[in-house]
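Let the sequences and hints guide you as you build the complete structure.
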Amino acid sequence: MNLHIQRELRGFAVVVTVFGEVDLASGPTLNTEVTTASALATPPAPVVLDLTRVEFFSSDGLTLLAHHHKICADQRTPLRVVATTAPVLRPISLTDLDRTLDVFGSVAEALSLPPTPRDGSRR
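Each residue of the sequence shown is one higher than the one before, starting from -4 at the first, in our numbering.
It should be emphasised that the hints constitute simulated quantities derived from the structure, not laboratory data.
Hints are not guaranteed to be accurate.
Label pairs and their calculated CB-CB ranges [what the hints assert, rightly or not]:
#1 Phe7 with Phe51: 27 to 35 Å
#2 Thr37 with Ala61: 34 to 42 Å
#3 Ala34 with Ala61: 14 to 22 Å
#4 Phe7 with Pro82: 27 to 35 Å
#5 Leu92 with Thr24: 15 to 23 Å
#6 Phe7 with Ala81: 30 to 38 Å
#7 Phe14 with Arg85: 13 to 21 Å
#8 Thr37 with Ala81: 32 to 40 Å
From the three backbone atoms N, C-alpha and C, an ideal C-beta is built for every residue, glycine too.
Right under this line is the structure:
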């Protein structure tokens, strides 16, 4: 398995930085980490999933993003994805997940957006 994950608390938000490949073998490890991050984040602060260092992103990663987007939304903790490279952006775009997910170009940008209010509406 070619995957390394770092978790960092930033105020009430949690930033999860992923290095390597997201595929069938590494998906369960990343799933566990994002589940932990969503439990640690204090609503309405986000979980930020930094995928800028991901070299391969399979359909398992897409499934994970869709699944955790729903879980985080139910918890009023938005999932914000940071992606800048073709191996991650291309599959997100091809599957139209970019219409559902909040995708940002940097962690700073993802953290600078005001938290989503508890009722789920945008300001």
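Results of checking the hints against the structure:
A hinted range of 27 to 35 Å holds for the C-beta pair Phe7 and Phe51, which are about 32 Å apart. Distance hint check for Thr37 and Ala61: the Cβ-Cβ separation is about 24 Å, which falls outside the suggested range of 34 to 42 Å. Restraint check, Ala34 to Ala61: a C-beta distance of roughly 19 Å satisfies the suggested window 14 to 22 Å. Take Phe7 and Pro82: their Cβ atoms lie about 31 Å apart, and the range 27 to 35 Å holds.
One distance hint, 15 to 23 Å for the beta-carbon pair Leu92 and Thr24, holds here, with the actual separation near 21 Å. Distance hint for Phe7 and Ala81: a CB-CB separation of about 32 Å, consistent with the stated range 30 to 38 Å. With their beta carbons about 19 Å apart, Phe14 and Arg85 fall inside the hinted range of 13 to 21 Å. Hint check: Thr37 to Ala81, Cβ distance near 34 Å, so the stated range 32 to 40 Å holds.
Hint 2 from the list above is the single one not met by this structure.
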